[in-house]
Amino acid sequence: MSERGPERDPSGGAAEAGEEDRGRSWTLGAAEAPAASLAEPRRRDRAMEDAWIRAFLERAPWGVLATVEGGRPFLNANLFAYEEARHAVWTHTARVGRTRTNMDAAEGKEGAPVAFSVSVMGRLLPAAEALEFSVEYAGVVILGRGVVVDDPEEKEHGLQLILDRYAPHLRPGRDYRPITAGELKRTSVYRIDVEAWSGKQKAVAPDFPGAFELPAVAVPFEPQG
103 MSERGPERDP
113 SGGAAEAGEE
123 DRGRSWTLGA
133 AEAPAASLAE
143 PRRRDRAMED
153 AWIRAFLERA
163 PWGVLATVEG
173 GRPFLNANLF
183 AYEEARHAVW
193 THTARVGRTR
203 TNMDAAEGKE
213 GAPVAFSVSV
223 MGRLLPAAEA
233 LEFSVEYAGV
243 VILGRGVVVD
253 DPEEKEHGLQ
263 LILDRYAPHL
273 RPGRDYRPIT
283 AGELKRTSVY
293 RIDVEAWSGK
303 QKAVAPDFPG
313 AFELPAVAVP
323 FEPQG
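Going by this note's numbering, the first residue of the sequence shown is number 103, and it counts up by one from there.
Zero decoy hints are in this set.
The calculated label-pair distances, taken between Cβ atoms and stated as ranges, are: (1) Asp152 / Met223: 17 to 25 angstroms; (2) Pro280 / Pro325: 39 to 47 angstroms; (3) Thr203 / Phe314: 39 to 47 angstroms; (4) Leu233 / Tyr278: 49 to 57 angstroms.
By construction, these hints were calculated from the structure, which means they are not laboratory data. Values in this document were obtained by computation on a predicted structure and should not be read as measured data. Quick reminder that beta carbons are idealized off the backbone N, C-alpha and C, glycines included.
From just these sequences and the hints, can you work out the full model?
Shown next as structure tokens:
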């Protein structure tokens with residue numbers, strides 16, 4: 103499917119369908135820029151600003167952490183929280199597992215090299231030509247250093263950020279028992295220190311011809327037929 107809208111003028115701008123189509127632009131921290139192939143987006147007109155990225159990370163439902171396993175990427179989808187004060191993403195897994203093994207194997211003084219991706223999908227956008235079919239979307243990609251957090255207070259801090267993000271109406275000690283020392287020992291907590299991030303979005307007018315929603319997948323998933 104094409105990333106372009108179904109109609110474009112010769113200059114490459116959006117057609118009259120009301121398309122907002124902006125994409126990846128790397129914003130760097132103290133670390134050096136990523137490789138040129140990553141740092142130079144194909145479509146600069148889709149670049150999203152830092153404020154948009156932060157707001158998106160506050161709303162996106164889940165993310166995917168990429169670690170390195172034997173020279174290949176290994177992906178783990180999970181809940182997360184972005185902490186603006188530290189410019190870091192927090193997530194967690196079980197104490198034992200492939201993500202933890204990969205992090206331990208790769209972690210140096212500055213942490214393990216990781217990537218983190220968050221995305222959502224909007225409507226499908228039909229077109230008169232097969233290769234011009236498209237989709238509304240929004241997403242963020244983060245490059246950074248993943249740190250296995252060992253300090254109990256910092257682990258609890260990261261986990262509480264995640265709890266507060268997904269259940270802001272509930273409070274520890276009032277609505278549920280707070281995190282215990284035993285639970286911290288059974289949990290791997292990761293802090294991803296952001297080195298570079300980028301945001302990308304494609305949105306079209308509400309009356310885009312033929313736009314339709316893909317039916318949601320229910321959980322538990324039941325195969326049809």
